[in-house]
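Heads up: the sequence lines are chains V and Y, in that order.
Residues are numbered in our numbering as their position in the first sequence, beginning at 1, plus a constant of 106.
Residues are numbered in our numbering as their position in the second sequence, beginning at 1, plus a constant of 89.
Keep in mind that the hints were calculated from the coordinates and are not lab data.
Take the hints with a grain of salt, since some may be wrong.
With a cut-off of at most 20 Å between alpha-carbon atoms, the simulated SDA-like pairs for lysine to any residue come out as follows [to be verified]:
#: 1; chain 1: V; residue 1: Lys207; chain 2: Y; residue 2: Gly155
#: 2; chain 1: V; residue 1: Lys436; chain 2: V; residue 2: Met449
#: 3; chain 1: V; residue 1: Lys207; chain 2: Y; residue 2: Ala159
#: 4; chain 1: V; residue 1: Lys405; chain 2: Y; residue 2: Gly151
#: 5; chain 1: V; residue 1: Lys207; chain 2: Y; residue 2: Thr164
#: 6; chain 1: Y; residue 1: Lys137; chain 2: V; residue 2: Val322
#: 7; chain 1: V; residue 1: Lys207; chain 2: Y; residue 2: Ile156
#: 8; chain 1: V; residue 1: Lys289; chain 2: V; residue 2: Leu274
#: 9; chain 1: V; residue 1: Lys207; chain 2: Y; residue 2: Val148
#: 10; chain 1: V; residue 1: Lys207; chain 2: Y; residue 2: Tyr158
#: 11; chain 1: Y; residue 1: Lys137; chain 2: V; residue 2: Ala231
Listed below are the residues making up each chain.
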Amino acid sequence: MDALLEVFGNFANIEPGMIVMWLIGGILIYLAIKKDMEPTLLLPMGFGAILVNLPLSGAIGDHGPITTLYNAGIQNELFPLILFIGIGAMIDFSPLLSNPKLMLFGAAAQFGIFFTLCTASLFFADADAASIAIIGAADGPTSIVVAQALGTPYVGAIMVAAYSYMALVPIIQPPVIKLLTTKKERMIRMPYVQREVSQTTKILFPIILTVIAGLVAPDSVALIGFLMFGNLIRECGVLASLSETAQKVLANLVTIFLGITIAGQMHYEKFLSPATLLILGLGLVAFIFDTAGGILFAKFLNLFLKTKLNPMIGAAGISAFPMAGRVVHKMALKEDPQNFILMQATGVNVSGQIASVIAGGMILNFFG
Amino acid sequence: MKKTMLFLLTAVILCSLFALFASAEGADESIVDVDLDWHPANAVANLKYMGLGMLGIFVVVGVVMGITYALNAITGKKK
Numbered sequence: 107m108d109a110l111l112e113v114f115g116n117f118a119n120i121e122p123g124m125i126v127m128w129l130i131g132g133i134l135i136y137l138a139i140k141k142d143m144e145p146t147l148l149l150p151m152g153f154g155a156i157l158v159n160l161p162l163s164g165a166i167g168d169h170g171p172i173t174t175l176y177n178a179g180i181q182n183e184l185f186p187l188i189l190f191i192g193i194g195a196m197i198d199f200s201p202l203l204s205n206p207k208l209m210l211f212g213a214a215a216q217f218g219i220f221f222t223l224c225t226a227s228l229f230f231a232d233a234d235a236a237s238i239a240i241i242g243a244a245d246g247p248t249s250i251v252v253a254q255a256l257g258t259p260y261v262g263a264i265m266v267a268a269y270s271y272m273a274l275v276p277i278i279q280p281p282v283i284k285l286l287t288t289k290k291e292r293m294i295r296m297p298y299v300q301r302e303v304s305q306t307t308k309i310l311f312p313i314i315l316t317v318i319a320g321l322v323a324p325d326s327v328a329l330i331g332f333l334m335f336g337n338l339i340r341e342c343g344v345l346a347s348l349s350e351t352a353q354k355v356l357a358n359l360v361t362i363f364l365g366i367t368i369a370g371q372m373h374y375e376k377f378l379s380p381a382t383l384l385i386l387g388l389g390l391v392a393f394i395f396d397t398a399g400g401i402l403f404a405k406f407l408n409l410f411l412k413t414k415l416n417p418m419i420g421a422a423g424i425s426a427f428p429m430a431g432r433v434v435h436k437m438a439l440k441e442d443p444q445n446f447i448l449m450q451a452t453g454v455n456v457s458g459q460i461a462s463v464i465a466g467g468m469i470l471n472f473f474g
Numbered sequence: 090m091k092k093t094m095l096f097l098l099t100a101v102i103l104c105s106l107f108a109l110f111a112s113a114e115g116a117d118e119s120i121v122d123v124d125l126d127w128h129p130a131n132a133v134a135n136l137k138y139m140g141l142g143m144l145g146i147f148v149v150v151g152v153v154m155g156i157t158y159a160l161n162a163i164t165g166k167k168k
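Same shape as in the complex, but just chain Y (with noise of 0.2 Å):
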């Protein structure tokens, strides 16, 4: 429980780090010269595709779960 509790800890610090810098002033300024950008307001606007991918995956899985259970129910042997 307390490692679970550490890492979650750790992902909400992350996080908010992150979101810190996609408020600051001049976050647009690249850190690497080489074909590399700084963009924090990009890795937000991605959160709503972190979502939306995840509800998806889990809608197919469950449609297909059900499905699964009908043709066991349907096709499998009687008793």
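Bound-form chain V, shown alone (with noise of 0.2 Å):
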């Protein structure tokens, strides 16, 4: 008896709490896989909840290891940093080279953070609120950096909030878009006129770019630094092998890390409370008031040209990419089958890319 108690003894310190993650994680799990949403987050970090929320689990506490990798790379901001340098050398900013104008409905699609900051202010402190609004970003590395610099607790919550919405794009973004604009504007065409990009410019843009951020908004330079250092190694000319490097390997290496980490903040002690019913919400007003900013933008912009845009572009400001910008092409067909805005919408996407770390920057020189 008495070994068997041995043996079995823990089970008696499994808390209800610690169910109900199980259940959380296995839902995650669920989700990456069944439906193909972010798996390569979401899986990890899954997993990583029923990890964290066995009882007396030697992967965290003092020499765990999920709290040894949580010390190395996300408590100091490491691992997004590094991730981003693999991001950055999977963008092609062509398309919005070629008509740069494109990147005003990237600035106007981070409304939602600023809104949410608002909103989620009514609740928690301003350090926490900027956390949480930073969600709207639609970036995990940014949310992740941004989160851990300003000090919350909430990250766990933030995570699961960034990630599984940037998944769910193509649900959240179609019923703001078809509210806010009339099935004529939807139809509008945009003619696509490719235009030759050259590659001094593919060069300066990055570097430029990480200049004037970093001088407006010195808290940005990390961000926006990392992610240009990628754009810059892809589009050299000279360094194919450390591009083809950090687009498969160091992003695929740091993701697995990054996933299954940010999952030692989701112990069900910090993580069913009220508060991450109430992130995951204000998440949800995140995305919905970017989406309503960029559409609204254009149609703004709409009412001073002769040529008319297609509103549904500025939707594609969100900076989940490549998701945003397939979603709006589609909707564009589905409205005219002769209507192809991909080219433009990817354009636009690209630029939330960049507006989104700059308001990352933008909100750790307030809050900071």
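Build the complex: two chains, separate frames, hints provided.
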């Protein structure tokens, strides 16, 4: 009997909250595998949530590997910044550089961040509200860096919200787009004129952007700098092997560590609270108002333009790349099978990546 | 157009409601026990950061846009 107790004694340490977190972890794994929703992050996060919520788990605590990885790469914001090198190496800015005015829509689509800042500060202290608002950046590394820098205890909930909603963009955006646009507006055609972008422009762009953004928002230098460094590796033309490593091996390696380590913040005592539900709700508000901000800006511009823009491209300014661009393109095709706005939507989507990082820097400047 | 007006009207009503709460007495009472408080004054104060933040993003993007146009003009292939 004593032997049985010794072997199975830990079962007595199971708390109801742990079981709930096992279910949540299972749901994240299900969404990742069956629904193909951001599997690179949701699967490690889901499995990690189960690992850290086993009683007396050896994965956490002073010498636990998840705690060690967290201290090594999340607490000092290193992992998301390294991931940004890989992301920068993956991004092709050509559609944006050939039509630079598309950058304005990426800027407008960050409205949801600041709207959510005001809404979240109804319930949370300023630093926590700012960390929650950055969910609207629709960018995992930016959200982690800002949340960690501001010292919020809600990192776990923020990451689950950020990555879940990024995967849900095809569900969140269409109703908002349909609410704010008419069928006639959705059918506006935007002929694409291919303009060649010189290699010199592609090389100078990341350098210039880093300098300008860094001068305006010094706290964003790490974020924008690492993203643009990755892009420079890609565009310079002499570092093909480094570019490939950054895009594939580096990005995948860091993603594995990031996902499972973030789960270290999903212990039931921290995660299961009214604050988590509120954060999930506020994250949705951020995404909705990002979409609305981009669309309403496009409609505002149309008041002054002779050649009208399809206002849906404003919705592509959310930083969920390439999902947001594809959603807008599909909706345009649905209204008019001959209306191809993929290149414009992709350009706006890429500009959203830049604008979201600048927004992250602004938030750090204001509240850091 | 009607849908946009409805959306804007809803946003105005929501903003008015929270401005109303911001000025109401006793607005600082907690609504939830666990580490949440009701801070309507903070929400109104943070409107300043909304303005500054959006302005900052547009200024940076505007400058980058201008430089990109210049780069394209300087480095583009001559006809």
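Keeping to a limit of 20 Å between CA atoms, is the pair of V:Lys207 and Y:Ala159 held or broken?
-> Satisfied, since the Cα-Cα distance of roughly 13 Å is no more than 20 Å.
Quickly compare the C-alpha distance for V:Lys207 and Y:Ile156 to 20 Å and report which way the hint goes.
-> Holds, because 11 Å separates the two Cα atoms, which is no more than 20 Å.
Between Y:Lys137 and V:Val322, does the CA-CA distance stay at or below 20 Å?
-> At roughly 18 Å apart (the allowed maximum being 20 Å), V:Val322 and Y:Lys137 satisfy the hint.
Hey, V:Lys289 versus V:Leu274, does the alpha-carbon distance stay inside 20 Å?
-> violated (23 Å)
Between Y:Lys137 and V:Ala231, is the straight-line Cα distance small enough, at 20 Å or below?
-> holds (16 Å)
Holds or violated: are the alpha carbons of V:Lys207 and Y:Gly155 at most 20 Å from each other?
-> holds (9 Å)
Distance restraint between V:Lys207 and Y:Tyr158, which requires alpha-carbon spacing of 20 Å or less = holds (9 Å)
Take a quick look at whether V:Lys405 and Y:Gly151 sit within 20 Å of each other, Cα to Cα.
-> Given pair V:Lys405, Y:Gly151 holds - Cα atoms ~19 Å apart, limit 20 Å.
CA of V:Lys436 to CA of V:Met449, is that 20 Å or under?
-> OK: V:Lys436 and V:Met449 at ~12 Å, within 20 Å.
For the pair we were handed, V:Lys207 and Y:Thr164, check the Cα-Cα distance against 20 Å.
-> holds (18 Å)
Given the proposed pairing of V:Lys207 with Y:Val148, does the C-alpha separation stay at or below 20 Å?
-> holds (13 Å)
In this structure, only the earlier hint numbered 8 is contradicted, and the remaining ones agree with it.
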